[in-house]
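Asks: Given next are the chains, with one letter for each unit.
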Amino acid sequence: MPEGTTKRMELVCPAGTPAALRAAADAGADAIYCGFANETNARNFPGLNFSPSELADGVAYAHAKGARVLVAINTFAQAGQIHLWEEAVNDAASAGADAVIAADIAVLQHAATNHPDLRLHLSVQAAANTPEAIRFYAETFGVKRVVLPRVLSVPEIAALNREIDVETEVFVFGGLCVMTEGRCALSSYATGKSPNLTGVCSPPDHVDYTEDPSGRLQARLGGFTIDSFESGQAAGYPTLCKGQFSAIEKTGYLFEDPVSLNAFELLEELSSAGVTALKIEGRQRGKAYIAGVVKAFRQAVDGLESGADARPAIAALKAFSEGGQQTAGSYKKTWR
Amino acid sequence: MPNQSSSLNLPPLVSSLIAPLPKSPMEMLLSAFTKRLVARRPELLRRLGAVVKVPIAIVPDDMPHAFLLSLDNEKSSVSICEKTEISDAQAVVRAPFLVLLGLLDGTYDGDALFFTRDLRIEGKTDYVLALRNTLEEADLSPGEFFGLSGRSADWVNGVGARMLDKARWLAARTGSQPSTLGRPH
Numbered sequence: 001m002p003e004g005t006t007k008r009m010e011l012v013c014p015a016g017t018p019a020a021l022r023a024a025a026d027a028g029a030d031a032i033y034c035g036f037a038n039e040t041n042a043r044n045f046p047g048l049n050f051s052p053s054e055l056a057d058g059v060a061y062a063h064a065k066g067a068r069v070l071v072a073i074n075t076f077a078q079a080g081q082i083h084l085w086e087e088a089v090n091d092a093a094s095a096g097a098d099a100v101i102a103a104d105i106a107v108l109q110h111a112a113t114n115h116p117d118l119r120l121h122l123s124v125q126a127a128a129n130t131p132e133a134i135r136f137y138a139e140t141f142g143v144k145r146v147v148l149p150r151v152l153s154v155p156e157i158a159a160l161n162r163e164i165d166v167e168t169e170v171f172v173f174g175g176l177c178v179m180t181e182g183r184c185a186l187s188s189y190a191t192g193k194s195p196n197l198t199g200v201c202s203p204p205d206h207v208d209y210t211e212d213p214s215g216r217l218q219a220r221l222g223g224f225t226i227d228s229f230e231s232g233q234a235a236g237y238p239t240l241c242k243g244q245f246s247a248i249e250k251t252g253y254l255f256e257d258p259v260s261l262n263a264f265e266l267l268e269e270l271s272s273a274g275v276t277a278l279k280i281e282g283r284q285r286g287k288a289y290i291a292g293v294v295k296a297f298r299q300a301v302d303g304l305e306s307g308a309d310a311r312p313a314i315a316a317l318k319a320f321s322e323g324g325q326q327t328a329g330s331y332k333k334t335w336r
Numbered sequence: 337m338p339n340q341s342s343s344l345n346l347p348p349l350v351s352s353l354i355a356p357l358p359k360s361p362m363e364m365l366l367s368a369f370t371k372r373l374v375a376r377r378p379e380l381l382r383r384l385g386a387v388v389k390v391p392i393a394i395v396p397d398d399m400p401h402a403f404l405l406s407l408d409n410e411k412s413s414v415s416i417c418e419k420t421e422i423s424d425a426q427a428v429v430r431a432p433f434l435v436l437l438g439l440l441d442g443t444y445d446g447d448a449l450f451f452t453r454d455l456r457i458e459g460k461t462d463y464v465l466a467l468r469n470t471l472e473e474a475d476l477s478p479g480e481f482f483g484l485s486g487r488s489a490d491w492v493n494g495v496g497a498r499m500l501d502k503a504r505w506l507a508a509r510t511g512s513q514p515s516t517l518g519r520p521h
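Quick mapping for you: the protein sequence lines, in order, are chains W and B. Heads up: the first sequence at position 4 corresponds to 4 in our numbering, and the numbers run straight through without jumps. Heads up: the second sequence at position 81 corresponds to 417 in our numbering, and the numbers run straight through without jumps.
Be aware that a few hints might be false.
[Stated by the list, open to error] Think about it this way: if two alpha-carbon atoms lie no more than 30 Å apart in a straight line, the pair counts; the simulated BS3-like pairs of lysine-lysine are: (1) B:371 <-> B:411; (2) W:318 <-> B:502; (3) B:389 <-> W:193; (4) B:359 <-> B:419; (5) W:144 <-> W:65; (6) W:250 <-> W:332.
No lab work stands behind these hints, which were simulated from the structure alone.
Just chain B, same shape as in the assembly (with noise of 0.2 Å):
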């Protein structure tokens, strides 16, 4: 039975790269991006239902920060902390990094993904839940997270899915495929 530290995770060298770049740049942009999102597609914040302006951490197990992710009408807000400085967090997601990206877009099931303990939950699990049906509905592909549409979003979503096709590949070779069914539908 495979365990967290045989998941499909990055090798150390990318966590080690990453580490001192600044973050709020990257904070910047994932938070205007994200109200943009929320602004364009008004439906998802409804069904989030209790979930609207909660903090909910994200915790990528290889690398070195945290996201806290709050969704709201107007503040919306992405920032990134180390991953000790998550207590403000009403319930915390932890799995390998290409892990949760395969959730946002709904290559991977959140619920096979937790029976094999390739992800874990802590806190509230009806939050956790809310915004895992949630994104499911989003369909956040990365030209839809970017606004694109037609031929530009196509294009960086043929991309984004080379990159990450390359980027499980690479990630297979230093430890394995989560056990789950992680083949796109």
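One chain only, chain W, in its complex shape (with noise of 0.2 Å):
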């Protein structure tokens, strides 16, 4: 979308579980993104997610309360298991999905060969940030919306937008990932397991907190201390990006403490840059935060066109924030 176009933004909200499809439904997302109990997508972790009928059922709720289903396909398949990434995007096409969210080529040339029909996303996951990358996927495969990497600034999206005809959307709350995402290999180093093959960063199978008796916590993962948190200080899940290391003679987090996402102040200027959709980040949470962030940003988004005030909503989802800290990330750069 050309820069400066003023069409309203789209919200795209997460559910981990069908009750959490319902709440985000319920709370005014226009889209809502799942994916399978399985590999095929990054947020493969035990309880979460959806079986084929589950998310029919969703699909058919969703479309209900006239909001979206995007499915994510969005792990890289594997040599010799290619027909599981296969049967996900038939069985999202089967459930009425209203696109499929890859990175993939293989199943993106599966998609876009098997079901013309079925809109295509391409997943953050691909780590597209080049006019060229993404005009390569766009022409190759039909892809009508790229999922932004988290490492782009506000200016750097306009610029993209001008010379692209595919639709962005881009990252507005949530858990921040702060590396080029698809091509992290530390949650492979530290547990044999990533969010690019096995769908999932940091497994909780490899996460071990203690308490020792003067409250003081620490969060390993994969047996690597992560970091520590005194006693009633806020704590974090140990994702080796967000821990605190030693180099240099000096200790610190390699790039922010343990902080989320929020960038309700930019949506205008998101706006103006030419951004389609607005995602929020949080599969892996339950109905009270789905609900309450999504109704906060139904706000948000709204409020550009009316005028009313979303600041008190946003302001209350503080609490949902890892280490209870908010940051614009990326798209200010105010990182050393």
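Both chains are given apart, each in its own frame, so use the hints to dock them into the complex.
Replies: Pasting the structure below:
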């Protein structure tokens, strides 16, 4: 979409369970993204995700509420197991999904060839951040939208939108991946599992929390101590890129303290930059998070047109954030 | 930054009144309703995955006992034990009682409670996550737990909600709300 267009931006919301999908639809999501309970999606956590029949029911519920359903099949297919990813695409199409979000060119090729009417979105996992890369996916597979990596600033997004005809979707709230997604091997190094192949970053079966009698909490991943928190201090999940490290005689966080993304203050700029859709992260979060965040951002997006003040609703979301802190992340690039 | 001592704790008097009560009748009731829930909704066991048959300890900070939960196709059970008798548990979840109830029905967000240290976990994190996600999907209102439907479920849910509101109000007078968003959605 060309820069400067003021079309109402679409609110794309997460759902890790059918109950969360219903909560998102009820709270006013324009679109809801979810995945199957296997390695085909990048939130392959225990107890999460959908069976094919649950997805079909979820699509029916969302459509009745006027919301679309986007199915994330966004890990990279493994040699000898491509059928798992192909079946996922087929199941999404059969369930009446409105789009598939994919990264692997084999998955995109299967969808484009066998389901030509199924809309394709390029996952953030593809890490496509140049006009050339995005045009390749659009021309080769008919991709209609690209989810941009969380490493671009607003001016960079605006510049990108000026050169492409594909819709862009950006993350505005939730857990913050500070690496170039789809190319990060930190979790794989520590645990043997990665979001790229097994669909899970910092898998919980490798996570260990130990609290000593003083209340000091140590968070470990794959045997590595990632961080520690004093009694009463807000804690975080032990994701390697968000840990504390010692180097050059200094100990500190690589980028920022454990924080979550909140780009509420940038919504107008993102709209002016030609962004089509705003994405909320958090398929691993509960219904209370989904309902609260979607409702607040619904007010925020609608407020861009109506002028209604959504700041109180957005301010109340701070408690949902990792470490109890929020950042505008790469959009402002304040990291050292 | 609030810590567990400032959370939504029941007054100590409640714990003192509960401590001498016999455990067996409550264990039998909780186990029976849990078995009926699992039989009625087999999809919940599929969602639990590896956690089926695994004992998980639920330890309310402000109550005298712990609950040992084991979910299974036929032998689901809830036993009530001393807090020092949970060594069989593969994972332990600790929080004030009213916070734990809020997790059951989806009032609170588990991650947010963990970030603020209102909820603590030990042992196998993947088991806790699987249980949490399954409970999220279960939508465990009192009516659903007791296997009710229609008007009777609505009535029980209404009464339950009012009692919880009262209990939270009472607890808030002696402590404070958890720092997470505690409002029902």
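Asks: State for each hint whether it applies.
Replies: Each hint tested on the structure:
1. For the suggested pair residue 371 (chain B) and residue 411 (chain B), the alpha carbons sit about 7 Å apart, so the restraint of at most 30 Å is met.
2. Simply put, residue 318 (chain W) and residue 502 (chain B) have alpha-carbon atoms about 26 Å apart, close enough for the 30 Å limit, and the pair holds.
3. Pair hint residue 389 (chain B) plus residue 193 (chain W) holds up; C-alpha atoms about 26 Å apart against a cutoff of 30 Å.
4. Between residue 359 (chain B) and residue 419 (chain B) the CA atoms are separated by roughly 14 Å; this keeps the pair inside 30 Å, and the hint holds.
5. Between residue 144 (chain W) and residue 65 (chain W), the direct Cα distance comes to roughly 24 Å. Compliance with the 30 Å bound is thereby established for this hinted pair.
6. The straight-line distance between the Cα atoms of residue 250 (chain W) and residue 332 (chain W) is roughly 25 Å, inside the 30 Å bound, and the hint therefore holds.
Going through the hint list in order, the structure satisfies each hint without exception.
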